[in-house]
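Number of protein chains: 2
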Amino acid sequence: MIKKRLMTPGPTQVPEEALLSLARQVTHHRTAEFRKLFAEVLVGLKEVFATKHDVIVLTSSGSGAMEAAVVNLVPRGGKAIVLEAGNFAQRWRKICDAFGIEVVRHEVTWGEAVDPADVKALLEKHPDAVAVFGTLMESSTGVGHDVKAIGEVVRGSKALFVVDAISGACVMECRTDEWGIDVLVVGSQKALMLPPGLAFLTLSPAAVKQMEQVKPQAFYFDLKQHRNKILEGPDTPWTPAHTMIAALAENLKLIRAEGIEKVWSRAKTLARATRAGLEAIGLELFAARPADGLTSVYLPTDVDGGAFLKRLEGRFGIKVAGGQAHLKGKIFRIAHMGIVDELDILSTLAAIELVLDELGRSVEFGAGCRAAQRVLAEGHPAAVG
Amino acid sequence: MIKKRLMTPGPTQVPEEALLSLARQVTHHRTAEFRKLFAEVLVGLKEVFATKHDVIVLTSSGSGAMEAAVVNLVPRGGKAIVLEAGNFAQRWRKICDAFGIEVVRHEVTWGEAVDPADVKALLEKHPDAVAVFGTLMESSTGVGHDVKAIGEVVRGSKALFVVDAISGACVMECRTDEWGIDVLVVGSQKALMLPPGLAFLTLSPAAVKQMEQVKPQAFYFDLKQHRNKILEGPDTPWTPAHTMIAALAENLKLIRAEGIEKVWSRAKTLARATRAGLEAIGLELFAARPADGLTSVYLPTDVDGGAFLKRLEGRFGIKVAGGQAHLKGKIFRIAHMGIVDELDILSTLAAIELVLDELGRSVEFGAGCRAAQRVLAEGHPAAVG
Numbered sequence: 001m002i003k004k005r006l007m008t009p010g011p012t013q014v015p016e017e018a019l020l021s022l023a024r025q026v027t028h029h030r031t032a033e034f035r036k037l038f039a040e041v042l043v044g045l046k047e048v049f050a051t052k053h054d055v056i057v058l059t060s061s062g063s064g065a066m067e068a069a070v071v072n073l074v075p076r077g078g079k080a081i082v083l084e085a086g087n088f089a090q091r092w093r094k095i096c097d098a099f100g101i102e103v104v105r106h107e108v109t110w111g112e113a114v115d116p117a118d119v120k121a122l123l124e125k126h127p128d129a130v131a132v133f134g135t136l137m138e139s140s141t142g143v144g145h146d147v148k149a150i151g152e153v154v155r156g157s158k159a160l161f162v163v164d165a166i167s168g169a170c171v172m173e174c175r176t177d178e179w180g181i182d183v184l185v186v187g188s189q190k191a192l193m194l195p196p197g198l199a200f201l202t203l204s205p206a207a208v209k210q211m212e213q214v215k216p217q218a219f220y221f222d223l224k225q226h227r228n229k230i231l232e233g234p235d236t237p238w239t240p241a242h243t244m245i246a247a248l249a250e251n252l253k254l255i256r257a258e259g260i261e262k263v264w265s266r267a268k269t270l271a272r273a274t275r276a277g278l279e280a281i282g283l284e285l286f287a288a289r290p291a292d293g294l295t296s297v298y299l300p301t302d303v304d305g306g307a308f309l310k311r312l313e314g315r316f317g318i319k320v321a322g323g324q325a326h327l328k329g330k331i332f333r334i335a336h337m338g339i340v341d342e343l344d345i346l347s348t349l350a351a352i353e354l355v356l357d358e359l360g361r362s363v364e365f366g367a368g369c370r371a372a373q374r375v376l377a378e379g380h381p382a383a384v385g
Numbered sequence: 001m002i003k004k005r006l007m008t009p010g011p012t013q014v015p016e017e018a019l020l021s022l023a024r025q026v027t028h029h030r031t032a033e034f035r036k037l038f039a040e041v042l043v044g045l046k047e048v049f050a051t052k053h054d055v056i057v058l059t060s061s062g063s064g065a066m067e068a069a070v071v072n073l074v075p076r077g078g079k080a081i082v083l084e085a086g087n088f089a090q091r092w093r094k095i096c097d098a099f100g101i102e103v104v105r106h107e108v109t110w111g112e113a114v115d116p117a118d119v120k121a122l123l124e125k126h127p128d129a130v131a132v133f134g135t136l137m138e139s140s141t142g143v144g145h146d147v148k149a150i151g152e153v154v155r156g157s158k159a160l161f162v163v164d165a166i167s168g169a170c171v172m173e174c175r176t177d178e179w180g181i182d183v184l185v186v187g188s189q190k191a192l193m194l195p196p197g198l199a200f201l202t203l204s205p206a207a208v209k210q211m212e213q214v215k216p217q218a219f220y221f222d223l224k225q226h227r228n229k230i231l232e233g234p235d236t237p238w239t240p241a242h243t244m245i246a247a248l249a250e251n252l253k254l255i256r257a258e259g260i261e262k263v264w265s266r267a268k269t270l271a272r273a274t275r276a277g278l279e280a281i282g283l284e285l286f287a288a289r290p291a292d293g294l295t296s297v298y299l300p301t302d303v304d305g306g307a308f309l310k311r312l313e314g315r316f317g318i319k320v321a322g323g324q325a326h327l328k329g330k331i332f333r334i335a336h337m338g339i340v341d342e343l344d345i346l347s348t349l350a351a352i353e354l355v356l357d358e359l360g361r362s363v364e365f366g367a368g369c370r371a372a373q374r375v376l377a378e379g380h381p382a383a384v385g
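The listed protein sequences derive, respectively, from chains A and B.
Under the numbering used here, read the first sequence as residues 1 to 385, first letter to last.
Under the numbering used here, read the second sequence as residues 1 to 385, first letter to last.
Among the hints, erroneous ones may be present.
Since the list gives no way to pick one copy over another, a pair counts as held whenever it fits inside one copy or between any two copies.
As the list claims (entries may be wrong) - When the alpha-carbon atoms are kept at most 25 Å apart in a straight line, the in silico DMTMM-like pairs for lysine to aspartate or glutamate are as follows:
no.: 1; residue 1: Lys224; residue 2: Asp97
no.: 2; residue 1: Lys224; residue 2: Asp128
no.: 3; residue 1: Lys3; residue 2: Glu102
no.: 4; residue 1: Lys120; residue 2: Glu364
no.: 5; residue 1: Lys94; residue 2: Asp146
no.: 6; residue 1: Lys94; residue 2: Glu342
no.: 7; residue 1: Lys215; residue 2: Glu279
no.: 8; residue 1: Lys36; residue 2: Glu152
no.: 9; residue 1: Lys4; residue 2: Asp235
no.: 10; residue 1: Lys120; residue 2: Glu250
no.: 11; residue 1: Lys319; residue 2: Glu33
no.: 12; residue 1: Lys330; residue 2: Asp357
no.: 13; residue 1: Lys4; residue 2: Glu342
no.: 14; residue 1: Lys328; residue 2: Asp235
no.: 15; residue 1: Lys310; residue 2: Glu284
no.: 16; residue 1: Lys328; residue 2: Glu232
no.: 17; residue 1: Lys328; residue 2: Asp304
no.: 18; residue 1: Lys46; residue 2: Glu33
no.: 19; residue 1: Lys36; residue 2: Glu178
no.: 20; residue 1: Lys310; residue 2: Asp235
no.: 21; residue 1: Lys94; residue 2: Glu212
no.: 22; residue 1: Lys46; residue 2: Glu212
no.: 23; residue 1: Lys120; residue 2: Asp304
Because the hints were derived from the structure by calculation, they are not lab data.
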């Protein structure tokens, strides 16, 4: 009788509307009905990704869309700058390595944010770089990078700006066109509130122009083929996970009804409340520039960190994420994106206090909730209206 | 009030058990629970694919798995023989082209089957071919190729035998290990009765050996990474469409409860019944060597073919597939795979008669059903038991 509460930064909780859509009998995907649905979904995606340009839908995880961005923009032997500030940012480099692309690595300590001035210096040193690969919200560290400021810097160069927003899109403010992002890469199982299986890319006119000049090391991920089918149909060159696209249509209705600006600001408040609550409990935050969609926090060192996470799940059904790579056993991560709401966060804070108490730490019950509630009380729309 | 009846060769009807599984709230995928589920699914897949060796699960459509087979086995500049006997077989060549692989094209008229003797001659002429890419069930033409005989021929060469069984696996007899198939490529939305979004590959020891010698033009589809995670976890290198894997577990229970041999023989009977029914209606079959999972048939030429298909769907909710490429407007295709059953076929035959009558053709009502029923009466287990 343990109620499950998924609080990980992907996959996240899926709204009932999307789940029920996934339970519908399958229909064919090469039909006028599907094209109509797909067209609506594309309109919605443009709105929530804050772009007027084309959006591509891939049947893959976010890593597949990262590969698509790399191989369609940078030819073998081309040069790319990778802003490597976490486990997922590293993936950009690994993809470049696999396809014979020269990487200029900009290594940033995990937990720190990329400094736009460093990107400027790198671009001056490497004017032949075809692209800069960065991250909006690095979910391995909980850092939100200053993509707006980095975008300004990249705009002054010849390079394209490609942003991994797999977990960050639709939870952290991200004005794709306005901020000069040429390609935004997004995953389905984060703030878009779907199961894993779809990934998305936005394409600026400059990205399209570059794609047209590159013979990509790609077939399945050949974005020219995808874009042509979007323009024709809209359709897809290969069979899409179309039942997921139908479920996405449901979630886009929810997001658009609230409005993407409100979704962003709600997440910002939730993130502040989470941090205030955790600090009131006496836990130490990890990220230097915390993201809006998840909070990373050091595991308490005076109790057994593994036992702590196990009890959170075993007693309260709360699944948070541990650390990745060298952060394993050092931090844990709580998501606040999609339909994760205020009461989910307050419950999680209360559960953390109860578990710490069980494990023998001295705890002031209610401190975490109180601090978080104070933030929510100022930020909550009800307090204003 | 039109009840929908999906009779296309992919996607096919999804059993209720899998649909309900897809409606469950999402859980995390990096857990002991998921690894246990995944391990069970892999055991099931090995059984239904008739292999003792590794099976890889990709989050992509079948085309992604085809690309994975190509780029992991054949290096850039390497040579491959493509048995090009339909729209989907052509995809092998297009993938090879995209990655700089030299293709020996063996073009076969659409609707005809590949002659194993021709494959033998090609292998003798091209002893340096790394792989032969063929098809089990070409769903664009409805032909079932003699993969067993082709496998015998390829076994006598140095080449690996790679078979697109995206639509054919689990409906047409296919003894992967016994027939010398090194890589079998399978899709989720055909006889495995899932929505699109997953694809599968089997890997013979020879395929694994070859993979280890090739630096693949791949990251997302790098099969070494996938295989290593299978051996470790089992797990996946990138986030999998794990809710689809959970739904697959449900379908594998159904298939294994019946037994793959029975699934194959049931499809064979259903295919014979479909052909008998269509011929009794006076329609002309298209495929020279008809497949067990779908039947391709010429559109009647004395009535409007487009109107015929439209009425089948509009009046009876029956969605069959039209022809692809140059076969568009010439043939249509009826699937009998997965949970498509005897009564679905009889209903479809009855509907065809009613629509032909409506469109002004002289029809002997009941002729199609009668002919099909006669086949089912001999083949049906109830007649024997």
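Verification of the supplied hints:
1. Proximity of lysine 224 and aspartate 97 under a CA criterion of 25 Å is satisfied in both settings, with 22 Å inside one chain copy and 15 Å between copies.
2. For the identical chains of this complex, lysine 224 and aspartate 128 are intra-copy neighbours only, at 24 Å inside a copy versus 33 Å across copies, given an alpha-carbon limit of 25 Å.
3. When the C-alpha separation of lysine 3 and glutamate 102 is checked against a cutoff of 25 Å, the pair qualifies neither within a copy, at 49 Å, nor between copies, at 56 Å.
4. For a Cα distance limit of 25 Å, the shortest separation of lysine 120 from glutamate 364 qualifies neither inside one copy, at 47 Å, nor across copies, at 79 Å.
5. Taking CA atoms no more than 25 Å apart as the test, lysine 94 paired with aspartate 146 passes inside one copy only; the shortest distance there is 23 Å, against 41 Å between copies.
6. Taking the shortest alpha-carbon separations for lysine 94 and glutamate 342, neither the intra-copy value of 37 Å nor the inter-copy value of 51 Å comes in at or below 25 Å.
7. In this assembly of identical chains, the alpha carbons of lysine 215 and glutamate 279 never lie at most 25 Å apart, being 51 Å within a copy and 49 Å across copies at closest.
8. Taking the shortest alpha-carbon separations for lysine 36 and glutamate 152, neither the intra-copy value of 37 Å nor the inter-copy value of 47 Å comes in at or below 25 Å.
9. Only between protomers do lysine 4 and aspartate 235 lie at most 25 Å apart by alpha-carbon distance; the minimum there is 22 Å, versus 37 Å within a single protomer.
10. When the C-alpha separation of lysine 120 and glutamate 250 is checked against a cutoff of 25 Å, the pair qualifies neither within a copy, at 41 Å, nor between copies, at 53 Å.
11. When the C-alpha separation of lysine 319 and glutamate 33 is checked against a cutoff of 25 Å, the pair qualifies only between copies, where the shortest distance is 13 Å, while the shortest distance within a copy is 38 Å.
12. Taking the shortest alpha-carbon separations for lysine 330 and aspartate 357, only the intra-copy value of 20 Å comes in at or below 25 Å, while the best inter-copy value is 74 Å.
13. With identical chains, the CA atoms of lysine 4 and glutamate 342 are at most 25 Å apart within one copy only, with a shortest distance of 17 Å there and 42 Å across copies.
14. Taking the closest pair of Cα atoms, lysine 328 and aspartate 235 come within 25 Å of each other only across two copies (18 Å); inside a single copy the shortest separation is 42 Å, beyond that limit.
15. Taking CA atoms no more than 25 Å apart as the test, lysine 310 paired with glutamate 284 passes inside one copy only; the shortest distance there is 20 Å, against 65 Å between copies.
16. For the identical chains of this complex, lysine 328 and glutamate 232 are inter-copy neighbours only, at 18 Å across copies versus 47 Å inside a copy, given an alpha-carbon limit of 25 Å.
17. When the C-alpha separation of lysine 328 and aspartate 304 is checked against a cutoff of 25 Å, the pair qualifies only within one copy, where the shortest distance is 13 Å, while the shortest distance between copies is 66 Å.
18. When the C-alpha separation of lysine 46 and glutamate 33 is checked against a cutoff of 25 Å, the pair qualifies only within one copy, where the shortest distance is 20 Å, while the shortest distance between copies is 36 Å.
19. Taking the shortest Cα distances, lysine 36 and glutamate 178 never come within 25 Å of each other, neither inside one copy (28 Å) nor across copies (46 Å).
20. In the homo-oligomer, the alpha carbons of lysine 310 and aspartate 235 lie at most 25 Å apart only across protomers (21 Å), although the nearest pairing inside one protomer, at 45 Å, exceeds that limit.
21. Taking the shortest Cα distances, lysine 94 and glutamate 212 sit within 25 Å of each other both inside one copy (24 Å) and across copies (18 Å).
22. Taking identical chains as interchangeable, the C-alpha atoms of lysine 46 and glutamate 212 lie at most 25 Å apart only when both belong to the same chain, with a minimum of 22 Å there against 42 Å between chains.
23. Within a single copy, lysine 120 and aspartate 304 get their C-alpha atoms no closer than 43 Å, and across copies no closer than 65 Å, so neither meets the 25 Å cut-off.
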